[in-house]
Amino acid sequence: MTMIAAAGLTKSYGAEPNAVPALRGVDVGIPAGTFTAVMGPSGSGKSTLLHCLSGLDGVDAGSVRIGGTEITGLAERALTRLRRERIGFVFQAFNLLPTLTARENIVLPLELTGRRPDAAHFDTVVTLLGLADRLEHRPSQLSGGQAQRVATARALITRPDVVFADEPTGNLDRRTGRELLDLLRRSVVELGQTVVMVTHDPAAAARTDRVVLLADGRIVDDVAGPSAAEVLRRLEDLDAEATADAAEPPLTAHPVATPASTPEAGS
Amino acid sequence: MRIVTVLRRGLAARKARGLATAGAVAAAAAFLASSHILTDTVDAGIKQQADAATAGVSAVVTDARGFGGSVLTGAPTLPAALVDRVRGVPGVVAAEGVVEGYAMPLDRAGHATSALGGLGLSIPADARLRLVDLRSGRWPEAPDQIVVDGGTAASLHLAPGAVLRVALSRGVQTFAVVGTVGFGGAQNVAGLSVVGFAPTAAAALLGSGDKVAAVEAVGAAGVDPAALQARIAKAVGGDYTVRTGAQQAAQVVSQVGSVTGTIGAVLQVFAFVSVVVAALLIANIFAVTVAQRTRELALLRCVGAGRLQLARLVLAEASLIGLAGAAVGLPLGLAVTTALRWGFDHFGLPLPAGPTVVAARTVTLCFVVGPGISVLAAASAARRASRSRPMAALAASSTEDHAGRLSWWRSTIAIVALTGGAALEAKADGMAPAGLGSILILLGVGLAGPALVRPLTAAPRAAMAAVSGFCGRLAGRQMTREPRRVAGTAGTLAVAVATVSIVAAMAACLVSESESDVRRSLHADLVASTTAGSGATLDQSAVQRIAALPGVAHVTGLSCGIFKAPGDSEKACGIDPATLPADVDPGVTGGRLADLAAPGTMAVSALAAQRDGWHLGQSIPITFPLGGTRDVRIAALYDNEQVLGAFLIPESDYLTAYPPQDQGLEELLIRTRPGHTAQARQAVAAALAAYPQATLDDRAGFAARAAQGFRLLATIMTALLALSLLIGVLAVITSLALSVLERTREIGLLRAVGAEAGHIRALIRSEALATVATGTFTGVVLGLPIGWALARAVMDGHLPGPPSIPVLLLAVVVPATFATGLLAAVAPARRAVRISVLQALRAE
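Taken in sequence, the protein lines are chains A and B. In short: position in the first sequence from 1, add 38, done, that's the working numbering. In short: position in the second sequence from 1, add 282, done, that's the working numbering.
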């Protein structure tokens, strides 16, 4: 069964004549119960694709169906409801409300409409993510990996049609990141969850069922059962093409936003 | 260093909060400016009128001892023979006595035309001695002719030839208006209605007998006024004050000024409160700004900005905003002044007219106080900014829980201030300790604020959670996460509400005490009373007419006049100790009222005795208007002073010690025959139609009327102070707006997991309401006891009844504050709703 079906997705930013195209006719189908990675160089449109697929951003043309529902024409209220009931999100950073405990963060989407969480499902999710002894902690008392696990639990708690993860390991160290990916993987295998993840890390992509490669707003490659080496090779091919095309230095991966340390001045 | 560039860009980037800060400064500066502009304008207006009034007069002789009297002259105690003595002084070419008394023009419906009072005076025969200018018509010559002031003529549409009914002490009388008069450029003096009578008829009409209020003299051409003044002074002796025309003008100014000065003082209290509230608001805004800009400031430090540079950056921003606020506040103050003038006019208290005066002092004050409070309020934020360490700040996350813990010195000072304030308040019997206690308590609560947020907000948070469910709970969490900000916001509101509560509670206590005083003491069935301070009286003819009515058993008239005790000037009423107890029970606590049968005695209210340090049996040297100083023995002390006043002397003594005009009656205590009260009341009311200056009440009605003064003053004060609540609400708005701005990511996250616009609105609204509720209740809970303590202090510790609750405050101000709290949430909520997930993801 195809959980997400997108056809002819077109999206540009800015007004003509200075519009910058982000997606130029993307067709993609995501089968239910699969773990898909979306990859591509910076500016390839992978984040835009995720935003359009999840209804966070509108499209200029094309169609997106989630579990049979056409979402491109939906009003804001319906989209909000869709996000609350049928989509889960895991972001790179700032995934949790600092004033709520881990438990409260997990059940947040349910609380908004006053629904009680299904105790069995809650236990399943919490056990899967290994959070049983962390439930009463505040986000400030959690490590980065734990916080992302809480965010993942929140995404899973509503049994959504699909979980969208935007660079979920971007702020984690290598080992913690790997653990989180294993957990996402297990949610797919054990709970039958559909997960779509944007990442720039070939090692992360290697843990998925399938890698969709984007460049210049188009799908340029689609790799099933990828290995890290394979993904890396294909990415390098893309970079080489880009260099040849634009005669520009290759794009680096996301610069990590850590400020340079400077000795304290004036004291 | 181009730190100036950083400053300019920073201001431009944070327009909203810059505007809010400048707005608070502008509001405070406007109130400050208007209180000064109004008093200066009124003073200048009075001065102009007074100068014009005394322009032609060389010298004015009045009673030196200050027994009251009108604003133009003095007490009506001067013997007519004094006029001849002045006339005989070499260099004096003309001298005449001026007679003054109560005269109130009535409109068609029989109502008084001025709330401030009516002044009747004789128009001197010699044109040079006239204090007024003829505007139209001619001067009065016959006993039934009068002139009226231009203001009254305009409001009643009177022209020469019209017929006017005038209330006099001896009853209403009809006169022919033959002219209208003005005072220099002004229509009237100090808002009074003025009626001028023919010199020969005035004494009889105004009931002044053979006494005059002033003797005016004109010197021969070439005689120096000062020399003439000295000569007259020598001729009349030390009991009289002789002033030149200019000095008399200055005297009038200070007399009227003391009346309008009260209005000015009230306005200044109000301006002060708004300055304090504005300063709190600004401090709050800057604290948040600096906390938010920690990263920016740290980055500046990283690139080499010094500590002082950062502090200067914050302070420069504060003073710029303060200057802008002051620049807007000054013209705003002019607008407020106009509005206030209109308001006073509208409520029958016309203020003396004249060109608006903006003194250099007012401008300076605005431009010192505006940036001043801004800089002071920003000082602690600046200190924190300068302390920021480069790395610590860059690493800091703005989402950590800030515990409401206080530094040890802060807790110590807070505890000392609170216990000290409470101790002072508990046994304060004077204004100074009670006031100090109140300030200490407010200071203590302010210092302890962040630590108090959790307990104080508990109830509102629980209420919000119950009403708005999850969003209410989330809002509650947000509040305990930022105790400092909530303390700042709710505290600002609490100060404003507390001020209003203090005034309201004080008034409620004083009103209830004065009402229960009347209920305890009054036995007479009906009371006909004149408005205190208006100068209105009734003469004996009223007593005779009412006593003759069917159903009336007995009528006692009460006349009162000013006397001088060492260091003090008070008002005594004459009574007959034999018949008084049937009308009023003063509640004697010491001595015997019957002892007042002997001459040279006095009964004093226990409160007044305590205030003046007098005790039973003591002899006090007292000066009455007539007959000089004599020793008076205190024969009794009593409790209930609302009906009788605080000082009583035997009626026989009163008759000889006071001039004819002071023999006018201020109150008539009327006893009816059993079972005939209703009938008697009707008959008395009909008889009093001839005396519109008197109001007829039964016991309950008189109790309410006795408290009316407090009530009116309290209402005016509350209304003015309620405006400071607006600044408090501004604090809530800015705080919420900043909170929304700060939580862009969080709100975006909520949207991402499916929160609808309604959820976000409920969240912001809950936070606003809980903050407003905390501020309001804290303000009320602090304000009421302080108000009670202050009321007790005003009564020198004598407040026997239980504390009263100001119902008006609770019924109007509290719901109004809540409503404005809801309104305060509108703009920030709209902004929060507009935050989209994508925008939040992009936000830093």
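Derived by calculation from the structure, the hints in this document are not laboratory data. Small disclaimer: the values here were computed from a predicted structure and weren't measured. A couple of the hints might just be wrong.
Each pair of labels, with its calculated beta carbon distance range [unchecked claim]: (1) R216/A / P1097/B: 55 to 65 Å; (2) L1120/B / A70/A: 51 to 61 Å; (3) A57/A / V585/B: 30 to 40 Å; (4) P1097/B / A157/A: 36 to 46 Å; (5) V585/B / V258/A: 58 to 68 Å; (6) K297/B / A57/A: 22 to 32 Å; (7) L1120/B / T162/A: 30 to 40 Å; (8) V258/A / L1120/B: 20 to 30 Å; (9) A1101/B / V258/A: 29 to 39 Å; (10) K297/B / T162/A: 28 to 38 Å; (11) K297/B / E279/A: 21 to 31 Å; (12) R1112/B / R216/A: 20 to 30 Å; (13) V645/B / A57/A: 51 to 61 Å; (14) L1120/B / D277/A: 20 to 30 Å.
Example chain B residues on the side facing chain A (calculated, C-beta under 7 Å, incomplete) [claimed, not checked]: (15) R759; (16) R763; (17) G1036; (18) E1038; (19) G1040; (20) H1041; (21) V1115; (22) V1119; (23) Q1121.
Quick reminder that beta carbons are idealized off the backbone N, C-alpha and C, glycines included.
**Request:** Check each numbered hint against the structure and report the violated ones by number, ascending.
**Result:** Violated: hints 2, 5, 9, 10, 11, 12, 19, 21, 23.
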